[in-house]
Amino acid sequence: MSAPPDTREVILEARELTREFDGVKALDRFSFQLHRGEVLGLLGANGAGKTTAMNCLLGLTLPTGGDLFAFGLELQRHRIQILQRSNFSSAYTALPGNLLVGQNLLVFAKIYGVKDPKAKIAELMELLEISHLSKRVTGQLSAGESTRVNLVKAFLNDPELLMLDEPTASLDPDIADKVRKVVRKVQRERNIGILYTSHNMRDIEEVCDRVIFLHKGRIVCEGTPAQILARSSSSSLEDVFIKIARDGEIVDEA
Amino acid sequence: MNLQTISALVLRYLFLYTRTPMRMVELVFWPVVDLVVWGNVTVFIQKNTNPEFGNFVLFFLGGMILWDIMFRAQQGVAISFLEDVWTRNLLNVFVAPVRTTEYVSATFIVGFLRIVVTAIVLSLISWFGYTFNVFTLSWWLIPFFANLMLFGWSLGMISTALILRWGQAAESLAWAIPFFFQPAVAVFYRVEDMPAWSQPIAWCFPPTYIFEGMRDVMKSGSMNWSYLWTSAGLNLLYLALAGWLFLWILNLTRKRGLLTKFATQ
Ligand SMILES: Nc1ncnc2c1ncn2[C@@H]1O[C@H](COP(=O)(O)OP(=O)(O)OP(=O)(O)O)[C@@H](O)[C@H]1O
Ligand SMILES: [Mg+2]
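Top line first, the protein sequences correspond to chains R and L.
The first sequence begins at 1 in this note's numbering and counts up one residue at a time.
The second sequence begins at 1 in this note's numbering and counts up one residue at a time.
Worth double-checking, as some hints may not be accurate.
Stated by the list, open to error - Looking from chain R toward chain L, a few residues come up when the C-beta cut is under 10 Å (computed):
1. Gln81
2. Ser86
3. Gly97
4. Leu100
5. Gln103
6. Leu106
7. Phe108
8. Ile111
9. Tyr112
10. Gly113
11. Thr138
12. Gly139
13. Asn150
Unchecked claim - Looking from chain L toward chain R, a few residues come up when the C-beta cut is under 7 Å (computed):
14. Leu11
15. Arg12
16. Phe15
17. Arg19
18. Thr20
19. Thr87
20. Arg88
21. Asn89
22. Leu91
23. Asn92
24. Val95
25. Pro97
26. Arg254
27. Lys255
28. Gly257
29. Thr260
Stated by the list, open to error - Mimicking BS3-like on lysine-lysine, the simulated pairs with C-alpha atoms at most 25 Å apart in a straight line are:
30. L:Lys261 to R:Lys216
31. R:Lys185 to R:Lys115
32. R:Lys216 to L:Lys255
33. R:Lys25 to L:Lys255
34. L:Lys261 to R:Lys25
35. R:Lys120 to R:Lys178
Don't read these hints as lab results, they were simulated from the structure.
Each residue gets a CB set at the ideal place from its N, CA and C atoms; glycine is no exception.
Modelling step: build the complete structure from the supplied sequences, incorporating the hints.
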């Protein structure tokens, strides 16, 4: 059973993306397309190549092979133009800890050229239920609070394309749930295309329309969570994950 | 180049200076200590020795103040970059629509603002406190400061490039780099007092012309104009070279995939 082809505009595309580090391929001819309004999950064990893929797609790391396009434009050549329409958030970056939350967000709103920065920041903080944090020192926030502040930053420029690298890492189940719901809500309202990595299968099932499993830089399988479950003999995505991590493939029962 | 982007980045550093007053203290403290200590020494020596020697100490004090201007400009560039490294903010900046030239321009402006603060403080103290005052140099100060600032910017970019290349292990270079040049640029002595073999080297660096010029102005009230032009010309050359080095290393860092390692750890 194959899904009908997705006719929405392709906003992000990798063609045979390859990235070697000292002779080892972190990504090996990795190709995919992300459509407008689609949430694509990138799954795989530690070291599978998810972050490397995102870094290449953000222009932070240069690929050793292959071609990258966003909004139909070649990535390196139109980097600034593309970044203006995109955004990124990760549990592993932070906004300057010595500034107030409101100051940090104001600076980034101005960098992204947001028209009415104060109003935009207030609106997004309200949406993520962190309006009370505006006057707090960024470095003193808890992991959950700072994740949500990072998400406000990521939504500031009304991105059409968003890359989220483990946005729910280190969140408690309650906050993780809230974050997922907000991401999903904003994503639907504004028809954002999201590339999403997570080790939390709950995240993936709730947020992603489609997932790609990577193993050692290569695609092992892809499809909607339901399709993948149907194709494997596993009862949960978590089992699929473990099988792929250990064997490098979805093993069918003989 | 987008002015709004640059001003947003500068705003980030201004917030930083107002949020953490220790940074302002650092900006004012060392210049003041230097000036007071050496100002007192100057007064002491002027009272106790013949005028010729007093003059010599005046040169020393002038050299110290001008050196400090260059150092502040270099720090403005290098420390601004390090602030983004320390706070793991670099990635946010690099994934935002910020051109490298805009980022570097913002650090230049911070370097300039640091000079303005330092210069005002030093001028006020030397004006009220000492027979020596910076304004002996009158309007010569403007081209002096400008040239030293340009070289400070170049050194700042070189420091930043080295930190990008060698990571945080190279951080102390942010403070050390200007001092690699100090012996060669005749801050506290005349070029003719340097060993003969090192004199041609001294003339390769823009600040040498400024420090020589400063002593001429103090002694005779004027200086060789060609010194200023040579210094400015060399400065443009160094800025271009430092900018090229910075871009080259930034690109190398992207190629090696180290930009993110370095920005998140
Ligand atoms: N700059 C680098 N230099 C050398 N090797 C690197 C570099 N960056 C990544 N790698 C290697 O590339 C491989 C893929 O790493 P990557 O960070 O993309 O994994 P990941 O899927 O994001 O893993 P995780 O789930 O742990 O975040 C790993 O083997 C890693 O060691
Ligand atoms: Mg990762």
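Hints, one by one, checked against the model:
Satisfaction of the interface hint for glutamine 81 of chain R is found here, the shortest Cβ-Cβ separation to chain L being roughly 8 Å, below the 10 Å cut-off. A cut of 10 Å between beta carbons decides the hint on serine 86 of chain R: the least distance to chain L is about 8 Å, and the hint holds. Hint status for glycine 97 of chain R relative to chain L: holds, with the closest Cβ pair at about 5 Å, below 10 Å. Nearest Cβ of chain L to the Cβ of leucine 100 of chain R: about 7 Å, under the 10 Å cut. The hint holds.
The interface hint given for glutamine 103 of chain R holds, since its Cβ lies 5 Å from the closest Cβ of chain L, which is under the 10 Å cut-off. For leucine 106 of chain R, the shortest C-beta to C-beta distance to chain L is roughly 7 Å, which falls under 10 Å, so the interface hint holds. Look at phenylalanine 108 of chain R: its Cβ gets to within about 7 Å of chain L, closer than 10 Å, so that hint holds up. At its closest, the beta carbon of isoleucine 111 of chain R sits 4 Å from a beta carbon of chain L; the interface hint therefore holds under the 10 Å criterion.
With 10 Å as the threshold, the beta carbon of tyrosine 112 of chain R comes within range of chain L, its nearest partner Cβ sitting at about 7 Å, so the hint holds. Hint on glycine 113 of chain R holds. Least Cβ distance to chain L is approximately 6 Å, under the 10 Å limit. Here the hint on threonine 138 of chain R is kept, as its CB sits about 9 Å from the closest CB of chain L, short of 10 Å. At about 8 Å, the closest approach between the beta carbon of glycine 139 of chain R and any beta carbon in chain L falls short of 10 Å, and the interface hint on this residue holds.
Contact between asparagine 150 of chain R and chain L, as hinted, is supported at the beta carbon level, the nearest pair being about 9 Å apart and thus within 10 Å. Evaluation of the leucine 11 of chain L hint against chain R yields a held restraint, the C-beta minimum of about 6 Å falling below 7 Å. Look at arginine 12 of chain L: its Cβ gets to within about 4 Å of chain R, closer than 7 Å, so that hint holds up. Annotation: phenylalanine 15 of chain L was flagged as interfacial toward chain R, and the flag holds, the nearest CB pair being 5 Å apart, inside 7 Å.
Against a cut-off of 7 Å between C-beta atoms, the interface hint on arginine 19 of chain L holds, since the closest Cβ of chain R lies about 6 Å away. Look at threonine 20 of chain L: its Cβ gets to within about 6 Å of chain R, closer than 7 Å, so that hint holds up. Interface hint at threonine 87 of chain L: satisfied, since its Cβ lies 4 Å from the closest Cβ of chain R, which is below the 7 Å cut-off. Residue-level restraint check for arginine 88 of chain L holds (minimum Cβ-Cβ distance to chain R is 5 Å; threshold 7 Å).
The restraint placing asparagine 89 of chain L at the interface with chain R holds, with a minimum CB-CB distance near 5 Å, inside the 7 Å limit. Annotation: leucine 91 of chain L was flagged as interfacial toward chain R, and the flag holds, the nearest CB pair being 4 Å apart, inside 7 Å. Annotation: asparagine 92 of chain L was flagged as interfacial toward chain R, and the flag holds, the nearest CB pair being 6 Å apart, inside 7 Å. For the restraint placing valine 95 of chain L at the interface with chain R, the shortest Cβ-Cβ distance is roughly 4 Å, inside the 7 Å limit, so the hint holds.
The criterion of a C-beta within 7 Å of any C-beta in chain R is met by proline 97 of chain L, whose closest approach is roughly 4 Å, and the hint holds. For arginine 254 of chain L, the interface hint holds, since its Cβ comes within 7 Å of a Cβ in chain R; the closest pair sits about 5 Å apart. A hinted interface residue such as lysine 255 of chain L counts as satisfied when its beta carbon comes closer than 7 Å to some beta carbon of chain R; here the least separation is about 5 Å, so the hint holds. Given hint, glycine 257 of chain L at the interface with chain R, holds; its Cβ is 4 Å from that chain's nearest Cβ, closer than 7 Å.
Annotation: interface hint on threonine 260 of chain L holds; nearest CB of chain R at approximately 5 Å, less than 7 Å. A distance of roughly 19 Å separates the Cα atoms of lysine 261 of chain L and lysine 216 of chain R; the hinted pair therefore holds under the 25 Å criterion. Taking the CA atoms of lysine 185 of chain R and lysine 115 of chain R, the gap is near 23 Å; set against the 25 Å cutoff, the hint holds. Distance restraint check for lysine 216 of chain R and lysine 255 of chain L: the Cα-Cα separation of roughly 20 Å lies within the 25 Å cut-off, and the hinted pair is therefore satisfied.
Taken as a hint, the lysine 25 of chain R and lysine 255 of chain L pair is honoured in the structure, with Cα atoms around 14 Å apart against an allowance of 25 Å. Among the hinted pairs, lysine 261 of chain L with lysine 25 of chain R is consistent with the structure: their alpha-carbon atoms are about 17 Å apart, no more than 25 Å. For a cut-off of 25 Å, the pair hint linking lysine 120 of chain R to lysine 178 of chain R stands: about 20 Å separates their Cα positions.
Comparing the model with each earlier hint shows no violations; every hint is respected.
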